[in-house]
Amino acid sequence: MSEYNYTAKDFKNDNEVRWCPGCGDYAIMNAVQRTMAELDVPHEKFAVISGIGCSSRFPYYMSTFGFHSIHGRATAIASGVKVANPELNVWVITGDGDALAIGGNHFIHLVRRNIDLNVILFNNKIYGLTKGQYSPTSNRGAITKTSPFGTIEDPFIPGLLVLGARGKFFARAVDSNVKHTQEVLELAARHKGTSVVEVLQNCVIFNDGIHDEITNPKYRAERQLFLEHEKPMIFGNDNEKGLVFENGRLKVVTIGEDGYTMEDILVHDSKNLDPTLHMALINMCLPDFPVAMGVVRNVEAPIYDEEMTKQIETVKKGSQFSKVADLLRAGNTWEVNDPAGIGPVPFFSKKCKINGK
Amino acid sequence: MKDAKVIELEEVTIRFSGDSGDGMQLTGTLFSDTSALFGNDISTFPDYPSEIRAPQGTVGGVSGFQVQLGKKHVNTPGDFAHVLIAMNPAAVKANARFMNPGGTIIFDADAFNDKNLEKAGFKTDDPFLECHLEDYSKIPVPVTSLTKECLKGYELDNKSVLRSKNMFTLGLVCWMFDRPLDYIEKYIQKKFKKKPVVVDSNLAVLHAGYNYGMNMQHMTPQYIVHPANIENGLYRNINGNQATAYGFLAAAEKAGLELFLGSYPITPATDILATLAERRDLGVKTFQAEDEIAGICSAIGAAFAGDLAVTSTSGPGFALKSEALGLSVMAELPLVVVNVQRGGPSTGLPTKTEQSDLLQTLYGRNGESPLVVLAASTPSDCFYYAYLASKIALERMVPVVLLTDGFLGNGSEPWRVPDMDELPAIEPKLAVNPDIFQAYARDPETYSREWAIPGRNGFQHLIGGLEKNTKGSVSHDPAIHSQNTIYRAEKVERVVEMLPELEVCGLESGDLLVVSWGGTFGHTLSAVREMSESGKAVSLAHFNFIKPLPKNTKEVFSRFKKIVVCELNMGQFAAYLRDRIPGFDYRQVNKVCGLPFTVVELKENFEKLLEE
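So the protein sequences, as listed, match chains A and B. Each residue of the first sequence is one higher than the last, beginning at 7 in this note's numbering. Each residue of the second sequence is one higher than the last, beginning at -14 in this note's numbering.
A couple of the hints might just be wrong.
As the list claims (entries may be wrong) - Here are the computed lysine-lysine pairs in the DSS-like style, where the Cα-Cα straight-line distance is at most 27 Å:
#1 A:K356 to B:K100
#2 B:K78 to A:K356
#3 B:K536 to B:K546
#4 B:K456 to A:K18
#5 B:K576 to A:K323
#6 B:K176 to B:K137
#7 B:K56 to A:K356
#8 B:K239 to A:K316
#9 B:K178 to B:K123
#10 A:K356 to B:K539
#11 B:K546 to A:K329
#12 B:K133 to A:K356
#13 B:K176 to A:K323
#14 B:K100 to A:K329
#15 B:K414 to B:K239
#16 A:K322 to B:K456
#17 B:K456 to A:K15
#18 B:K108 to B:K78
#19 A:K322 to B:K175
#20 B:K532 to A:K356
#21 B:K100 to B:K123
#22 B:K133 to B:K178
#23 A:K51 to B:K179
#24 A:K356 to B:K57
#25 B:K239 to A:K329
#26 A:K322 to B:K176
#27 A:K329 to B:K180
#28 A:K322 to B:K179
#29 B:K133 to A:K323
#30 B:K108 to B:K137
#31 B:K57 to B:K588
#32 B:K588 to A:K356
#33 A:K356 to A:K198
#34 B:K456 to A:K51
#35 B:K108 to A:K323
#36 B:K179 to A:K323
#37 A:K137 to A:K198
#38 B:K576 to B:K588
#39 A:K322 to B:K178
#40 A:K15 to A:K277
It is worth saying that the hints were derived from the structure and are not from the lab.
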């Protein structure tokens, strides 16, 4: 509980929520509202910025300051919000189409600059709002309204894109696992710099069950590896399996078999500056590997908005100009002072003269 | 020794021209600044190729800088040059058409060899005859060899020696126009402070050029242009892009806000970004975005978050910003967009001027998407229109587009530095009462909504691109959309109350009203002034306010027998006037050559119209 004694309810508003019944977005919104209540941030300092897509309706259901913008541009708009007003706690709500297709350029540059924003990327591998076209995260071969014979292109793996853009924070969560999502979101919110949380989200109408083989609670222990900083990378119904790093690659082993002991199991270091292992973890997929969940990478680096503020302070100290008038009057100037001349005339009261008129 | 031929002039135009690596822009700028300090009124026009270093010696690689100086108000950089400085044959070829009949051509005789003549595409060894410049006085000066000779004692490599050639020319021109060298000397000393040998060599060459002029008086004419008679006050030389940037700085300070510029480099607008990037000391946040779209989107975010938010661009970038500009119309945020227009369509003529983005600015968005459009008319008044654009945006919660162009942006003129008190106050429309605040509640007079900056409790609200009701909730109600469409249009129209009326330069009624807008002001004013002086009933109505149009526009138009609309496009403002102020026969003078009008061609057109 934060010093403000907020509950999730303080972040809801009266608007009727219009996502489809059963949509994963409900669970994610609950997790966000609970997370905001836990942070030591006054309500009026939150700003939620979204683009276009089902998930981008999110700000309508929040009682915070909100801006529902245009397709793909939430990251660029939020960048301006945070740089203009660094005291705000800014959240970007976006989807796989919004962030990785039409907004791909802004997304990677946001990550590269490391502006202190929290990005929640709702990944349902489909365009929902336009009723079922493939997205840049749809699996190769996905059959959709615009790929009736299957897609012939590879999808992005969002985490790899984040790390490729020199990302400092990346985490993954599942919509239906609200408790875990909330834990991850809280770490993301407390991270200084751009944090990206990919939430595997189910679209009940156009892509129902797309993440099922990963997210089905029945197989959760077998198919998801929950990463925690400084904890061993183990999974399985009895936590009997683990990851080791051999011959330059990850490998799944069973503890107690083939001579592997708990000592051999990798311990997660989310704060390692070297992204090599983080990339390998993000890249893991079924059936050979479990899918990595939780905070994969969480490293410190200079933050754009802070650097901006610092630079302004530093330059101000060394400058001869403290007011605009100082600047206007500096440099190569000369004085005209003709006794027969006319006095200064303010621009907006000047009159155009022809023939002594 | 024979006395020098002395020519006394009211106004004189000089064009410096050479390879884009010859330093002509610097030479021109230093000479212009010197003249401005001397007390002349000046107007400059850099005319350079879009390639940074086109092949040496070719016509495509010629870089020019034109300046007009005068003893009275100089409105244009001059149609045609009295004096051309040509550093090679290509410069002669590229500039022959810009020469004043009977003018003087000073050329580097050493550069007029077979190789360079061939590179410039001359077929004979008399480039002047080929360019029909027989009747001009041509003064060969061995600039290259004299520069080399002068720098013999210095331990400089050949490249550095050749790079100093422009200083010789500058010295010579300073003698011709009787300009003191002290300003240039100080500039060189400061610029190359860390390289004493460069300072010494440049100064030596500069003086050698000056002395050469003095010693060769028999062949070099000397021009005298007396100081101009202007308003008293402190002056500086300023170009349009710098003035635009300074206008925003002044507006932010007056409004008590921080200034945010989201922008992407694009010719010829980049200098606005560069000028403001230098001003961290005044708290400016410049954000060099990944593209034009992020430039405007970051600015929209900054406007939402409470800064004076600006984005700067040129035509192609403006096109990319269209969708986001529509968002700022819908979200009703204070945003200023500067479009430093260039020749189009597409990449077009990046370094050349044009006014062909007018209709794009007015109409180039989806939906009914009205916004305020202003246009600056001289390099220095970009300051005031940038200031006014900010004031309108902040007080009326509306996006404002400021149109300038390459000619204004790069051109410069002396500017009386205003006192900050001369500028009108700016009162942003900040939300005051959280108990009654609603995101889209409107002022009954201006129709503008309130600005509730995030961070203030009680003002939590949502804005966005979807149509909304007064509360800020999404609404597709037909009546609400219809009503809001009218509100957004009417909000823009009501800005007219903030604006001065349209002024007529010259007689209040007469035979011909010349109508122009934006950067053509200097040329249309000069043409009208010259015709009025010869007794013609010709007046000028120049527009700085495009949308909304000044209230009295129709009334002004009705006082003249004929109206001619002059613009550097195929008739965009004329089309707009036909739509907005119908009932008049709008004649047109149009030009799309990537160049400003000339006073001569305007007068010819007006004469013809008068005779009809």
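Tested hints:
Pair hint K356 (chain A) plus K100 (chain B) does not hold up; C-alpha atoms about 55 Å apart against a cutoff of 27 Å. With a C-alpha separation of about 42 Å, the suggested pair K78 (chain B) and K356 (chain A) falls outside the 27 Å cut-off, and the hint is violated. A distance of roughly 20 Å separates the Cα atoms of K536 (chain B) and K546 (chain B); the hinted pair therefore holds under the 27 Å criterion. Proximity of K456 (chain B) to K18 (chain A) is assessed by CA-CA distance (about 16 Å); at most 27 Å being required, the pair is judged to hold.
Of the pairs offered as hints, the one joining K576 (chain B) and K323 (chain A) is violated, with about 50 Å between alpha carbons and a cut-off of 27 Å exceeded. A threshold of 27 Å between alpha carbons decides the hint, and for K176 (chain B) with K137 (chain B) the separation of about 23 Å falls inside it, so the pair holds. Restraint check for K56 (chain B) and K356 (chain A): satisfied, since their Cα atoms lie roughly 20 Å apart, inside the 27 Å limit. Among the hinted pairs, K239 (chain B) with K316 (chain A) is consistent with the structure: their alpha-carbon atoms are about 24 Å apart, no more than 27 Å.
Between K178 (chain B) and K123 (chain B), the direct Cα distance comes to roughly 37 Å. Violation of the 27 Å bound is thereby established for this hinted pair. At most 27 Å may separate the alpha-carbon atoms for a hinted pair to count; K356 (chain A) and K539 (chain B) meet this at roughly 22 Å. A threshold of 27 Å between alpha carbons decides the hint, and for K546 (chain B) with K329 (chain A) the separation of about 50 Å lies outside it, so the pair is violated. For the proposed pair K133 (chain B) and K356 (chain A), the alpha carbon gap of about 52 Å is over 27 Å, so the pair is violated.
Among the hinted pairs, K176 (chain B) with K323 (chain A) is consistent with the structure: their alpha-carbon atoms are about 24 Å apart, no more than 27 Å. Pair hint K100 (chain B) plus K329 (chain A) does not hold up; C-alpha atoms about 55 Å apart against a cutoff of 27 Å. Of the pairs offered as hints, the one joining K414 (chain B) and K239 (chain B) holds, with about 14 Å between alpha carbons and a cut-off of 27 Å not exceeded. Distance restraint check for K322 (chain A) and K456 (chain B): the Cα-Cα separation of roughly 41 Å exceeds the 27 Å cut-off, and the hinted pair is therefore not satisfied.
Note on K456 (chain B) and K15 (chain A): the hinted pairing holds, with a Cα-Cα distance of about 20 Å set against a maximum of 27 Å. The suggested pairing of K108 (chain B) with K78 (chain B) holds, with an alpha-carbon distance near 12 Å, which does not exceed 27 Å. Straight-line distance between C-alpha atoms of K322 (chain A) and K175 (chain B) comes to about 23 Å, which keeps the hinted pair within the 27 Å bound. Restraint check for K532 (chain B) and K356 (chain A): satisfied, since their Cα atoms lie roughly 21 Å apart, inside the 27 Å limit.
Taking the CA atoms of K100 (chain B) and K123 (chain B), the gap is about 21 Å. The hint holds against a cut of 27 Å. With a C-alpha separation of about 23 Å, the suggested pair K133 (chain B) and K178 (chain B) falls inside the 27 Å cut-off, and the hint holds. Only pairs whose Cα atoms come within 27 Å are accepted, and K51 (chain A) paired with K179 (chain B) is rejected, the gap being roughly 50 Å. Annotation: proposed proximity of K356 (chain A) to K57 (chain B) holds, straight-line Cα distance about 17 Å (limit 27 Å).
Pair hint K239 (chain B) plus K329 (chain A) holds up; C-alpha atoms about 11 Å apart against a cutoff of 27 Å. Annotation: proposed proximity of K322 (chain A) to K176 (chain B) holds, straight-line Cα distance about 23 Å (limit 27 Å). At roughly 33 Å between alpha-carbon atoms, K329 (chain A) and K180 (chain B) are farther apart than 27 Å, so this suggested pair is violated. For a cut-off of 27 Å, the pair hint linking K322 (chain A) to K179 (chain B) stands: about 25 Å separates their Cα positions.
For the hint linking K133 (chain B) to K323 (chain A), the alpha-carbon distance of about 46 Å lies beyond 27 Å, and the restraint is violated. Straight-line distance between C-alpha atoms of K108 (chain B) and K137 (chain B) comes to about 35 Å, which puts the hinted pair past the 27 Å bound. This hinted pair checks out: K57 (chain B) and K588 (chain B) have alpha carbons roughly 20 Å apart, not beyond 27 Å. With a C-alpha separation of about 26 Å, the suggested pairing of K588 (chain B) with K356 (chain A) holds against the 27 Å cut-off.
Between K356 (chain A) and K198 (chain A), the direct Cα distance comes to roughly 52 Å. Violation of the 27 Å bound is thereby established for this hinted pair. In summary, the hint linking K456 (chain B) to K51 (chain A) is supported, as the alpha carbons are separated by about 20 Å, within the 27 Å threshold. A hinted pair counts as satisfied when its Cα atoms are at most 27 Å apart, and K108 (chain B) with K323 (chain A) does not qualify at roughly 62 Å. Distance restraint check for K179 (chain B) and K323 (chain A): the Cα-Cα separation of roughly 25 Å lies within the 27 Å cut-off, and the hinted pair is therefore satisfied.
Between K137 (chain A) and K198 (chain A), the direct Cα distance comes to roughly 36 Å. Violation of the 27 Å bound is thereby established for this hinted pair. As the CA atoms of K576 (chain B) and K588 (chain B) are separated by approximately 14 Å, the hinted pair is consistent with the 27 Å bound. With a C-alpha separation of about 24 Å, the suggested pair K322 (chain A) and K178 (chain B) falls inside the 27 Å cut-off, and the hint holds. In summary, the hint linking K15 (chain A) to K277 (chain A) is not supported, as the alpha carbons are separated by about 34 Å, beyond the 27 Å threshold.
Violation of the numbered hints given earlier is confined to hints 1, 2, 5, 9, 11, 12, 14, 16, 23, 27, 29, 30, 33, 35, 37 and 40; the remaining hints are satisfied by the structure.
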